[in-house]
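**Q** Based on these hints, arrange chain B on the given structure of chain A.
If you're matching them up, the sequences are chains A and B in order. First residue of the first sequence? That's 1 in this note's numbering, and the numbers climb one at a time after it. First residue of the second sequence? That's 1 in this note's numbering, and the numbers climb one at a time after it.
Note that these hints are calculated values from the structure, not bench results. As the structure is a prediction and not an experimental result, all values here were calculated from the model. A couple of the hints might just be wrong.
[As the list claims (entries may be wrong)] The calculated BS3-like cross-link candidates involving lysine-lysine, where the alpha carbons are at most 25 Å apart (straight line), are:
id, chain 1, residue 1, chain 2, residue 2
1, A, 104, B, 57
2, A, 69, A, 104
3, A, 3, B, 57
4, A, 69, A, 3
5, A, 104, A, 3
6, B, 70, B, 53
[As the list claims (entries may be wrong)] Rough simulated footprint, nothing fancy, chain A against chain B, three-plus residues with beta-carbon under 8 Å:
id, region
7, 16 to 24
8, 76 to 86
Cβ atoms here follow ideal geometry from the backbone N, Cα and C, with glycine treated the same way.
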Amino acid sequence: DAKTTQPPSMDCAEGRAANLPCNHSTISGNEYVYWYRQIHSQGPQYIIHGLKNNETNEMASLIITEDRKSSTLILPHATLRDTAVYYCIVRVPQGGSEKLVFGKGMKLTVNP
Amino acid sequence: DAGITQSPRHKVTETGTPVTLRCHQTENHRYMYWYRQDPGHGLRLIHYSYGVKDTDKGEVSDGYSVSRSKTEDFLLTLESATSSQTSVYFCAIEASGSYEQYFGPGTRLTVT
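Isolated chain A, as found in the complex (with noise of 0.2 Å):
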């Protein structure tokens, strides 16, 4: 099961900064937030990740509280090909290999 929380989804104005929230109340002190996106059939993107400091890239930023029990993706300009559904994702250990653990995701519709 997926240890993140997202509200199913969200409306955004083009132009106006999206704000995408995430509770993954649960996690643990080495496991580190991720952010995907999937656009309509295609792969899932990698947007960005973080352990506990507030990372940005040119994709977008990622806000983490203090407590890491929640964190907040911000696309600061959303266009209309930002429209997509947006996984939360807390990396979990796995033997060899430390997989994702996807679950349903956001739905964030950009409007014109």
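**A** Frame of chain A; chain B shown alone:
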């Protein structure tokens, strides 16, 4: 797309027939994964590989086998396809220590 291809992209087969899906990478990454995606379930891990001839089961491995005889290819086999295996199958790759998985374009399999 991070040097990952999947073949075939679409396949229709009959119940009881064997099916092999191929994932090919040009990145020489150590880790490779097979996921399936079904409505209402998100992505679920079937099998993964952490090196040539080193594979392990994921959460939905029943009815599937895998092989990895060389770094660049990871094969997923349905020994006797069933209608419940109708799904979209995604392959992913990951470099050691990168924390990022890159996904292929997917294979849509229909078992009639």
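**Q** Can the restraint linking residue 69 of chain A and residue 3 of chain A be considered satisfied, given a maximum Cα separation of 25 Å?
**A** holds, 11 Å
**Q** At least three residues with a C-beta closer than 8 Å to a C-beta of chain A: is that true for the region 76 to 86 of chain B?
**A** Violated, because only 0 residues of the region 76 to 86 of chain B bring their Cβ atoms closer than 8 Å to Cβ atoms of chain A.
**Q** Given the hint that residue 104 of chain A pairs with residue 57 of chain B, does the C-alpha gap stay at or below 25 Å?
**A** holds, 21 Å
**Q** If you draw a straight line from the CA of residue 70 of chain B to the CA of residue 53 of chain B, is it 25 Å or shorter?
**A** Given that 25 Å is the threshold and the Cα spacing comes to 8 Å, the pair holds.
**Q** So if I understand the rule, the pair passes when the alpha-carbon distance is 25 Å or less; does residue 3 of chain A with residue 57 of chain B pass?
**A** Holds - the C-alpha atoms of residue 57 of chain B and residue 3 of chain A are around 20 Å apart, at most 25 Å.
**Q** Mind checking, does the region 16 to 24 of chain B have 3 or more residues with a CB under 8 Å from chain A?
**A** violated (count 0)
**Q** Are residue 104 of chain A and residue 3 of chain A close enough, with their CA atoms no more than 25 Å apart?
**A** Roughly 11 Å separates the two Cα atoms, so the pair holds.
**Q** Need the status of pair residue 69 of chain A, residue 104 of chain A: alpha-carbon distance at most 25 Å?
**A** Status holds; Cα separation ~19 Å.
Violation of the numbered hints given earlier is confined to hints 7 and 8; the remaining hints are satisfied by the structure.
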